[in-house]
Amino acid sequence: MYKSFLIKYAEIAIKGKNRYLFEDALVQNIRYHLERVEGNFQVRKENGRIYVDTEGEYDYEETVETLQRIFGIVGICPVVLVEDEGFDALAKVVCDYVDRTYPDKNFTFKVDARRARKNYPMTSMEINAAVGEKILEAFPQTRVDVHHPEVMIHIEIRPMINIYSTEIPGPGGMPLGTAGRAMLLLSGGIDSPVAGYMVSKRGVTLEATYFHAPPYTSERAKQKVIDLAKKVARYSGQIKLHVVNFTDIQLYIYEKCPHEELTIIMRRYMMKIAEHFAEEGKCLGMITGESIGQVASQTMQSLAVTNEVCHMPVYRPLIAMDKQDIVSIAEKIDTYETSILPYEDCCTIFVAKHPVTKPSLKHIKKSECRLEEKIDELMQTAIDTTETILVDAE
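Under the UniProt record's numbering, the sequence shown has 290 at position 290, and the numbering climbs by one with no breaks.
Everything labelled a hint here was simulated from the structure, so no lab data went into it.
Glycine included, C-beta positions come from ideal geometry on N, C-alpha and C.
Some clues are possibly wrong.
To be verified - For lysine to any residue, the following SDA-like pairs were computed, each having C-alpha atoms within a straight-line distance of at most 20 Å: (1) 45 to 61; (2) 110 to 147; (3) 8 to 22; (4) 105 to 68; (5) 353 to 275; (6) 118 to 83; (7) 201 to 27.
Stated by the list, open to error - Taking CB as the label site, the calculated pair distances span: (8) 18 to 388: 30 to 40 Å; (9) 319 to 87: 51 to 61 Å; (10) 340 to 238: 36 to 46 Å; (11) 21 to 116: 42 to 52 Å; (12) 92 to 13: 24 to 34 Å; (13) 119 to 340: 52 to 62 Å.
Given only the sequences and the hints, what does the whole structure look like? Please build it.
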């Protein structure tokens, strides 16, 4: 059982004088996520590296799966750490490591040594050759292949010598909390959870707003959205979810406005309410799961009309993605099966047979004038009666 993991990152390494801020954020995120894993873990920075050290028994598979959900990590390397007791001791440890890790010795290998500690008495090339020779002596079935090895044995000469040969891929991205805060418009569909995941991957902290329309949408539909938020929270951390009762606003729009414009007008009022909570939460933008041309409300013309009511930026990470690409990500992050559960949400219950696909902003605003008598009061009531839930990872 490995007692330590070497954590590799990519984009953080090219940061300038503020690099340490990103490293510190990644360390804090690792600590936060590992709190839910059984075991005793110590997370530390050392000379441009991050290590997770374990004490006592722990669940290896759960630990690796948890680390694979932490944005900013590109590689997770189960590593053997040893004191520098001279070359012979190092060679013995490497041979023991190979024997234990690869019971079938019929493979090609390459030794890749790097000296972060330049006062080590051998050069990297000398270490490569000498350790490789010791491995060949100990295991004659093995063969050296410096171009396309089946096993790459890494040796890093640091205060403690690092030995590893496996790099488990991480999710990449940037550490959560390093890029501000944004409001996700979360529905029960496939797209919006993926949009939240993708923006969170760039270091953005998420809040979310969900529009509920009882009795037309059931409590099961609401629970479905909470369950989706829990799945996204496995990557993004805790999500503050605002559940807005949108029924009276929807019915009023349905009563007063042309039915072919219902979806666009409802979307505009959803954006207004979501922006209210975004401003309260000091968010720097809003996130939607819209993709050009996917449905009538997502044509270029429709998106332009929807955007017109917003004062803060609206980020649409799925904007040019095909549906199958979105589904693939949903399957990867385990939201797809929940998203396709057959519970209606408020975006689907009042859909016109022939919704407008090229709305005119002038005509939409003219239709909205019919709402002036009650809409402000209805919006304020919806805001005042909103239920806010703190959603943690499932």
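Against the structure, the hints:
For the hint pairing residue 45 with residue 61, the CA-to-CA distance comes to about 23 Å; that exceeds 20 Å, so the pair is violated. With a C-alpha separation of about 8 Å, the suggested pairing of residue 110 with residue 147 holds against the 20 Å cut-off. Distance check on the hinted pair: residue 8 and residue 22 sit about 13 Å apart at the alpha-carbon level, within 20 Å; holds. For the given pair, residue 105 sits about 29 Å from residue 68 by alpha-carbon distance, which is inconsistent with the 20 Å threshold.
Simply put, residue 353 and residue 275 have alpha-carbon atoms about 29 Å apart, too far for the 20 Å limit, and the pair is violated. Only pairs whose Cα atoms come within 20 Å are accepted, and residue 118 paired with residue 83 is accepted, the gap being roughly 16 Å. Of the pairs offered as hints, the one joining residue 201 and residue 27 holds, with about 16 Å between alpha carbons and a cut-off of 20 Å not exceeded. In this structure, residue 18 and residue 388 meet the distance hint of 30 to 40 Å, their C-beta atoms being roughly 33 Å apart.
In this structure the supplied range 51 to 61 Å holds for residue 319 paired with residue 87, their Cβ-Cβ distance being about 56 Å. At about 25 Å, the CB distance of residue 340 to residue 238 disagrees with the hint of 36 to 46 Å. At about 22 Å, the CB distance of residue 21 to residue 116 disagrees with the hint of 42 to 52 Å. Checking the proposed 24 to 34 Å range against residue 92 and residue 13 shows it holds: the Cβ atoms sit about 32 Å from each other.
Taking the beta carbon of each, residue 119 and residue 340 are about 60 Å apart, inside 52 to 62 Å as hinted.
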